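J.: The primary structure of each chain is shown beneath.
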Amino acid sequence: MNKIGSYLNFHAQALELRSRRNEILASNIANAATPNFKARDLDFDAEINRHVGIGPLQTTNEQHFPTAIAATGDRLLFREPVNSSLDGNTVELSVEQMEFSENVTRYQTTLTFLNNRISGLMSAIRGE
Amino acid sequence: MSEIKNIFDISGRAMAAQLVRLNTVASNLANAGTISSNKEEAFRALKPVFQTRYADELKRSGISTVDVLTVAEVTRAPEKAFMPHHPSADADGFVYRAAVDENEEMVEMVEASRQYQNNVEVISTIRALMMRTINMGK
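Protein chains in written order, with numbering that gives the first Met the number 0: chain A, 0 to 127; chain B, 0 to 137.
Simulated from the structure, these hints should not be mistaken for laboratory data.
Every value quoted in this text rests on a predicted model; they were computed, and no experiment measured them.
None of the hints are false.
With a straight-line Cα cutoff of 30 angstroms, these simulated DSSO-like cross-link-like pairs (lysine-lysine) come out:
| hint | chain 1 | residue 1 | chain 2 | residue 2 |
| --- | --- | --- | --- | --- |
| 1 | A | LYS37 | B | LYS46 |
| 2 | B | LYS137 | A | LYS2 |
| 3 | B | LYS58 | A | LYS37 |
| 4 | A | LYS37 | B | LYS4 |
| 5 | B | LYS58 | B | LYS4 |
With the hints as constraints, model all of the structure from the sequences given.
T.: Shown next, in the form of structure tokens:
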């Protein structure tokens, strides 16, 4: 991977994962009244390690292609309800709202980090 | 049914489902207390049946939204009351009141509007996030 790409890679992966988690949490909120729906979520720490930990293939010969391996699929877990409801639905709006707002804040944080890195690169390129 | 691609599909369809629920509540409350001269014709409360709709219906995992499967009548029997002077009374002087529980409907209304608001909140938050993401690096 090129230098600029790897400089931005971690935060780019984090941003994508945060956005994926937003969709999962939105699905939970959408299904707040569906009987037997089980709330899902992904473990961000485990997933980011899985996504960033896997890079291009190590090669021992210069004629080998360093094929990039991407981590595929999300490992979705089931949420453990605080108070289980009678209809088998495990969505608790207070929990989901809290997780959603936390995730949104962290998304914005990652976005700010990315912006800072990009503006740092830009000022280095301009040499001002 | 159209595909579920992004968060706008998820929350938008959930809002549509909650709106169906609010409509049934309005219809039930409008018909509460109506009187009929026989058991079969008496009004019975309508309830929407929600079902999860996954973007990936084979795996049944990942992002999902909700659809209204059907709108069903409650199985509760209409209340039988003795009102011999009522114009709708049957030969024995009985009338049948609509099978609607007003308290239950009010609770349902509050819950549905709350969940509708939640979905609106999700969409407006995500929209703001997308706008900030578009401006990345500027």
